[in-house]
Amino acid sequence: MTTKNRTNPLVLIPLFLLSLACLIPLWLIFMVSLTNENDISTYGYRFWTDNFDFTAYRYLRHDAETIGRAFGVSILVTIIGTVVSLFVTSAMAFSLSRKEFPLRGFLSFYVFFTMLFSGGLLPWYLVYTRMFHLQDTLMVLIIPGLIGGFNIFIMRTFFTNSIPPSLIDSAQIDGASEYRTYFSIILPLSLPVLATIGLFVTVSYWNDWFTSLVYINNEKLYTLQYFLNKTLLNALFLQSIANKAYSPTSIMTPPLESIRMAMAMLAILPISLVFPFLQKYFVKGLTIGAVKG
Amino acid sequence: MATSKLSPATAPIAPKPQRTLLHKLWKTRSLLILAIPGFALLFVNNYLPMFGIFLAFKNLNYTKGILGSDWVGIDNFKFMFASNDAWMIIKHTILYNFTFLTINTVLAVLLAVLLNEVRNRILSKFFQSTMLLPHFISMVIVGYLVYGFLNPELGFINKSILEPLGKETIAWYASPEYWPYILTIVNTWKSVGYLAVVYLAAIVGIDQEYYEAARIDGAGRWKQMTKITVPLIAPVIIIMTLLAIGRIFNADFGLFYQATMASGMLKSTTEVIDTYVYNALLVTGDTGLAAAAGLLQSVVGFILVITVNRIVKRFSSDNALF
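As given, the protein sequences belong to chains R and U, one line each in that order.
Residue numbering for the first sequence is 1 to 293, as defined by our numbering.
Residue numbering for the second sequence is 294 to 615, as defined by our numbering.
No wet-lab data here; the hints were simulated from the structure.
As the structure is a computational prediction, the values presented were derived from the model and not from experiment.
Any given hint might turn out to be false.
[Unchecked claim] What follows is a set of in silico ranges between Cβ atoms, one per label pair, in the way DEER data are often shown:
1. U:Pro528 <-> R:Ile13: 51 to 61 Å
2. U:Lys520 <-> R:Asn161: 26 to 36 Å
3. R:Pro276 <-> U:Lys460: 38 to 48 Å
4. R:Thr253 <-> U:Leu575: 29 to 39 Å
5. R:Asp174 <-> U:Ala333: 28 to 38 Å
Even for Gly, the Cβ is constructed at its ideal location relative to N, Cα and C.
With the hints as extra help, turn the sequences into a complete structure.
Below, the structure is given as structure tokens:
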């Protein structure tokens, strides 16, 4: 009776606590980024501050060179990577979804096997560094993330289940080539799955630091995440950034602690801003993925 | 191009032309061309490294070249198992993964059931959003979050909890004994929300008629939860669990590298196969060890996946991978 429309508080309390636990660490970092350097050294990192101070963000704004560059590299890699990845993945998935294609079985297995067995880090490293000599290039930040078996199969499942074969048949009877079918029928009808996979790929490019860790030494090619990684692990690196940002007219020393946390906030910002709007695509992706490919 | 399609209905009636594979391939060459970029990328990124597993039996010497390096048989493996490192990293990898799997599964199912009970849509969406957020945060940032709590001089735990209580502060990044717990908490924080949403998707898919019938029979919310929801998503739980077991030999490199801030002093409790391979390859430059440990991981992982798939097939062939 009453239980029908009102949620039991015993259900709400644990969920509230969990939501709180998910947000609290981010809040801590956010607060530190806004805390005056003196307060940090006296009280440590706290969840609240009496003296709000935007110096860290001001420093970062002046340090357009280093952090701006890292932002730029991340944005560039993410955009190019996502667009190319969506084309390559959907084109291959389309081929695999066509019953007429004689290599369908073989290629499906070819894709699938990559999900079962991997050569490991060392050979992977050698392929890009010794065979293709791509270390310290933008290419190496983009290529490894372009394709993945899982995404291909999600797309193939969508093409097979959600696009009526009769539609493709009639287009081709009317003289449409496979390319035309792919561009004018498949892609426009597949926006939901493209959005889902696009979200996965965008997030994984934006969050990627491992590729940089393995292949990038040139500071100019640091992605934002790798840049942050460096500043956390290496205090001297942070000091050098802060000094570059340090404006000669100011007499203050750079507030290293809050700068560090302000940079982390800047890296989370894009994701947490778009995430609530893209969440439905993500959940959709989970349910599509659950259908066997 | 227009001729590339032969409708299946007319195929048996039409006089049979030469139907060799090459002929079919030529007719569908545009499909082949569409698949080529993906094929090539997988070849470079996945297949070329697979051929490289023979390096585990070589003493890699860059001046002699990859193919020119000397064969050393199983020396790399002998060397790896000669120290206690090999057993330690294998033990750590399996124990951590097993702990993560158990805790995550229990909590995620519980949370999914709770989420399903939330009647208010906005509230439900809010819970899901906040729970999913950690899944979308990079491990580098997770490293920052952990550091916010554990920084020895300024961190929240030392400065705002231990000091005011008059307790001695802890040098977290130099005290390996705490890290199994810390890493478990961090892992749960990062992945439980995502898993809960996966299970919620399974629960939402349950036919509402079961619940209606149960309500007519007078079953309360609790009865419905335990007698309908959980049993009906059990197959999904089993599959997810078996798949995770298939990956039990692969540690989450990001977690063990970033959350610990790559601190060498924590290795006795936090070194796993993936961090070991990374260190051997890019820190100490011991390619023989990196290759041997990498091959071991790939092969055991492969065997596990195949075995697990067999087991899944026995449970329900619909859910098997292949």
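The hints, checked one at a time:
no. : hint                              : verdict
1   : U:Pro528 <-> R:Ile13: 51 to 61 Å  : violated (30 Å)
2   : U:Lys520 <-> R:Asn161: 26 to 36 Å : holds (32 Å)
3   : R:Pro276 <-> U:Lys460: 38 to 48 Å : holds (40 Å)
4   : R:Thr253 <-> U:Leu575: 29 to 39 Å : holds (34 Å)
5   : R:Asp174 <-> U:Ala333: 28 to 38 Å : holds (32 Å)
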